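Position 162 (the sequence shown) corresponds to 161 in numbering that gives the first Met the number 0; numbering is contiguous.
Worth flagging that the hints you see were computed from the coordinates, not collected in a lab. For clarity, every value in this text was computed on a predicted model and none was experimentally measured. For each residue, glycine too, the CB sits at the ideal point set by N, CA and C. What you were told as hints is all true, and nothing was included just to trick you.
Here are the simulated SDA-like cross-link-like pairs (lysine to any residue), alpha carbons at most 25 Å apart as the crow flies:
| no. | residue 1 | residue 2 |
| --- | --- | --- |
| 1 | Lys163 | Pro68 |
| 2 | Lys85 | Gly123 |
| 3 | Lys85 | Arg157 |
| 4 | Lys41 | Asp140 |
| 5 | Lys90 | Leu73 |
| 6 | Lys163 | His71 |
| 7 | Lys119 | Glu87 |
Label-pair restraints from in silico Cβ distances:
| no. | residue 1 | residue 2 | range |
| --- | --- | --- | --- |
| 8 | Glu170 | Gly121 | 22 to 32 Å |
| 9 | Glu137 | Lys102 | 17 to 27 Å |
| 10 | Asp151 | Glu38 | 34 to 44 Å |
| 11 | Gly37 | Glu137 | 12 to 22 Å |
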Amino acid sequence: MSVSRAVPRVALAGGLAASCVLLLSGTAFAHVSVQPQGEAAKGGYATVNFKVPNERDNDSTVKLEVSLPAEHPLASVMPQPVPGWKVEVTKTKLAEPLEVHGKKITEAPSKITWTAAGSKIGTGEFQQFPVSMGRLPEDADRLVFKALQTYDNKEVVRWIEEPKEGSPEPETPAPVLKLSEAADDHHAGTAKNDPAKSGGTQQKSAAPADASDTTARVLGVVGILVGAAGVAFGVLAGRRRSA
0 MSVSRAVPRV ALAGGLAASC VLLLSGTAFA HVSVQPQGEA AKGGYATVNF KVPNERDNDS
60 TVKLEVSLPA EHPLASVMPQ PVPGWKVEVT KTKLAEPLEV HGKKITEAPS KITWTAAGSK
120 IGTGEFQQFP VSMGRLPEDA DRLVFKALQT YDNKEVVRWI EEPKEGSPEP ETPAPVLKLS
180 EAADDHHAGT AKNDPAKSGG TQQKSAAPAD ASDTTARVLG VVGILVGAAG VAFGVLAGRR
240 RSA
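Input sequences plus hints: build the corresponding full structure.
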């Protein structure tokens with residue numbers, strides 16, 4: 000086999016590798032997700048970003064509804080204003096009162112709704128919705144937030160399937176917030192990050208915290224595909240020498 004015939008095949012393998020990388024990187028960002036700004040420690044307060052990508056080619060996202068976990072009520076939920084979006088926090092009576100800072104709370108936020116008011120999430124775009132929340136539970140490793148994404152054609156995508164460890168990711172997974180272990184002085188950290196004591200929600204820029212994880216996955220796929228391309232090139236070169 001001549002070198003001129005081997006080279007195009009290697010180029011084709013490289014092209015397929017690049018296509019796979021683009022496909023997988025797009026999938027990683029395809030669903031509604033939640034990530035903390037910094038960390039979300041058990042028993043403390045955290046600011047998190049709900050990240051909403053637009054998956055449709057001809058329609059825009061105009062509404063997001065996030066249900067808060069009923070099994071772990073959050074006494075404080077404070078959305079950061081997002082230009083072009085109206086936000087509403089719905090509260091629900093609790094079966095058992097919560098005690099926060101020495102006070103008994105008889106109702107807690109159960110849902111956050113963002114509705115487009117002059118803005119939309121268009122094709123190829125995403126939007127982040129920051130929320131300060133707490134106190135986070137001390138007896139849980141993660142919080143599951145079921146979400147509904149509505150498009151301007153009235154289509155509703157239900158991101159409500161709870162991911163299970165050791166199982167493939169569901170087709171429409173619910174956003175999951177992983178909680179880190181509390182430090183020995185987490186009570187001091189709680190007071191510092193509590194918006195009720197600091198006078199309001201922390202105004203931090205919304206940074207895509209899941210970028211490093213996605214980059215690692217993509218680099219891993221690239222390594223595998225490049226290795227496969229190298230093996231193919233070696234086989235073709237061996238055939239050429241034998242010919």
